[in-house]
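Protein chains in written order, with the working numbering: chain U, 1 to 51; chain W, 1 to 350.
Do not take every clue at face value.
[Said to hold, decoys possible] Examples of chain W residues toward chain U, derived with CB under 10 Å:
id: 1; residue: Val-87
id: 2; residue: His-121
id: 3; residue: Val-125
id: 4; residue: Lys-140
id: 5; residue: Gly-143
[Said to hold, decoys possible] Listed next, the in silico DMTMM-like pairs over lysine to aspartate or glutamate satisfying Cα-Cα at most 25 Å (straight line):
id: 6; chain 1: U; residue 1: Lys-12; chain 2: W; residue 2: Asp-278
id: 7; chain 1: U; residue 1: Lys-7; chain 2: W; residue 2: Asp-278
id: 8; chain 1: U; residue 1: Lys-12; chain 2: W; residue 2: Asp-209
id: 9; chain 1: U; residue 1: Lys-45; chain 2: W; residue 2: Asp-122
id: 10; chain 1: W; residue 1: Lys-56; chain 2: W; residue 2: Asp-278
id: 11; chain 1: U; residue 1: Lys-12; chain 2: W; residue 2: Glu-313
[Unchecked claim] A few chain W positions that, by computed beta-carbon distances, are all more than 12 Å from chain U:
id: 12; residue: Phe-104
id: 13; residue: Phe-108
id: 14; residue: Ala-109
Hints were generated in silico from the structure; no laboratory data involved. Note that the Cβ used here is the ideal one computed from N, Cα and C, for glycine as well.
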Amino acid sequence: MPSEETKERIIKAVELGRTVLHYGWIPLIIYVGYTRSNPQPSLIKLISPLA
Amino acid sequence: MASSPPLLTPVEPPQLSPYPLQPTSSSPLASLYNRFASWRSSLGLSNPGTVENLTKEVKSTHLTNFFFDGARADLSKSLSVNPIFQVTHSFALGSQTSPPSYNFAAVFANDKVFLQGNVDHDGNVNGRLNQGWSQSNVSKVQGQLSSQVGHSMLQAEHDYLGQDYSVNVKAINPSPTDLTGIYIGSYLQSVTKNLALGFETLYQRPTPDMAESQTSYLAKYTGSDKNWIATAQLQPAGIVQATYWQKLSEKVEVAAELQLIAAPARRDAIATLGAKYDLRMSTFRAQLDSTGKVSALLEQRFAPAFSFMVSGEIDHFKNAAKVGVGVMIESPSMTPEEMGMMQMPVPPAP
Numbered sequence: 001m002p003s004e005e006t007k008e009r010i011i012k013a014v015e016l017g018r019t020v021l022h023y024g025w026i027p028l029i030i031y032v033g034y035t036r037s038n039p040q041p042s043l044i045k046l047i048s049p050l051a
Numbered sequence: 001m002a003s004s005p006p007l008l009t010p011v012e013p014p015q016l017s018p019y020p021l022q023p024t025s026s027s028p029l030a031s032l033y034n035r036f037a038s039w040r041s042s043l044g045l046s047n048p049g050t051v052e053n054l055t056k057e058v059k060s061t062h063l064t065n066f067f068f069d070g071a072r073a074d075l076s077k078s079l080s081v082n083p084i085f086q087v088t089h090s091f092a093l094g095s096q097t098s099p100p101s102y103n104f105a106a107v108f109a110n111d112k113v114f115l116q117g118n119v120d121h122d123g124n125v126n127g128r129l130n131q132g133w134s135q136s137n138v139s140k141v142q143g144q145l146s147s148q149v150g151h152s153m154l155q156a157e158h159d160y161l162g163q164d165y166s167v168n169v170k171a172i173n174p175s176p177t178d179l180t181g182i183y184i185g186s187y188l189q190s191v192t193k194n195l196a197l198g199f200e201t202l203y204q205r206p207t208p209d210m211a212e213s214q215t216s217y218l219a220k221y222t223g224s225d226k227n228w229i230a231t232a233q234l235q236p237a238g239i240v241q242a243t244y245w246q247k248l249s250e251k252v253e254v255a256a257e258l259q260l261i262a263a264p265a266r267r268d269a270i271a272t273l274g275a276k277y278d279l280r281m282s283t284f285r286a287q288l289d290s291t292g293k294v295s296a297l298l299e300q301r302f303a304p305a306f307s308f309m310v311s312g313e314i315d316h317f318k319n320a321a322k323v324g325v326g327v328m329i330e331s332p333s334m335t336p337e338e339m340g341m342m343q344m345p346v347p348p349a350p
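Bound-form chain U, shown alone (with noise of 0.2 Å):
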């Protein structure tokens, strides 16, 4: 069984990463997809849903 210390430190750092999914997870699917695709959109298209 872990530590005490160990513990604190494991939910810090599943919180932090939880955050981080939060506010990265759909800006990295824009990116990966932005990158990858072809060919390259232009970005106002892919950000307005009129453009």
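For chain U, the structure is supplied; the task is to place chain W on it using the hints.
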């Protein structure tokens, strides 16, 4: 004959699958395993599909998962076809069951990876990641991230599709410090060419000193020409779910579902009957259930990039009704010149 190799048999049928272990290994256990494996492959059983997809056909025929009310608009943009990259803006308004909402979704997929995420106007993020390692191994992670405490969820699972069986292990909200969470393991095995049997065990550990598990049993019978499927699922609490799906023709599918709860505290049963018509430019679903609900959904595609949906539900026992209309607009990122002649047929000259 003494000079010929002793292991070689002259009349070996060519369709016998290759031995999984090298036949040169002389261990009796390996040869037993080889004989068992070749006997097993000689049965010619096919993979039964995953437990998660046990009632996939029924779910895609019934409109429970497709129904909406109020007004909605989906503006989706396909930015790339290979790999797939698509963003969608969805707006929903005037629903009786949910408040007005805006949702942004992004999907990226290639041969191995599938990434999907959506975020609503409150900042709640739903995400999904599938990674295919090989033909038979797929790992999936899905999560729900919310700024509200206690609304976040993470689920990790792995699917292994064997030659005639499927295994899935799943962990929901696993905690690395005290191993609390929900763990689900399932196994589905083809027994004959038509019948597959399996089980699903759920192990629940809400707190470190409390744990319980329950096992449900599954059966799936597929018709010989795969145009009908019957499934049954028995849970120990006294819940039985039975479904039947049949493809009547290329365009018509029907499905029935019966859910029985026979617990000491509560006895209940719901039967649902549904049909789906796939027409050239539209899809029509109709459904009737034993709680007195009649519902229908029409998806009409007017142009390749524009489709219109209308749905309705009448609850005869409660005397209530719901109506929904929606539009789906797809705009390709490529200009018409770029698309060339492959996508848009040239309109006939007047």
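Results for each hint:
Against a cut-off of 10 Å between C-beta atoms, the interface hint on W:Val-87 holds, since the closest Cβ of chain U lies about 6 Å away. Violation of the interface hint for W:His-121 is found here, the shortest Cβ-Cβ separation to chain U being roughly 13 Å, above the 10 Å cut-off. Below 10 Å, beta-carbon pairs count as interface contacts, and W:Val-125 has one with chain U at about 5 Å; its hint therefore holds. Interface restraint check for W:Lys-140: the shortest CB-CB distance to chain U comes to about 15 Å, outside 10 Å, so the restraint is violated.
Of the supplied interface hints, the one on W:Gly-143 holds, with its beta-carbon coming within about 7 Å of a beta-carbon of chain U, less than 10 Å. The suggested pairing of U:Lys-12 with W:Asp-278 is violated, with an alpha-carbon distance near 51 Å, which exceeds 25 Å. Under the criterion of a C-alpha separation no larger than 25 Å, the hint pairing U:Lys-7 with W:Asp-278 is inconsistent with the structure, at around 55 Å. Among the hinted pairs, U:Lys-12 with W:Asp-209 is consistent with the structure: their alpha-carbon atoms are about 23 Å apart, no more than 25 Å.
Of the pairs offered as hints, the one joining U:Lys-45 and W:Asp-122 holds, with about 23 Å between alpha carbons and a cut-off of 25 Å not exceeded. Simply put, W:Lys-56 and W:Asp-278 have alpha-carbon atoms about 17 Å apart, close enough for the 25 Å limit, and the pair holds. For a cut-off of 25 Å, the pair hint linking U:Lys-12 to W:Glu-313 is broken: about 47 Å separates their Cα positions. The beta carbon of W:Phe-104 is not kept farther than 12 Å from every beta carbon of chain U, the shortest such distance being approximately 7 Å.
Distance check on W:Phe-108: its Cβ comes as close as 4 Å (rounded) to a Cβ of chain U, failing to clear the 12 Å threshold; non-interface status is violated. Consistency note on W:Ala-109: stated as away from chain U, yet its beta-carbon is not over 12 Å from all of that chain's, at 9 Å minimum.
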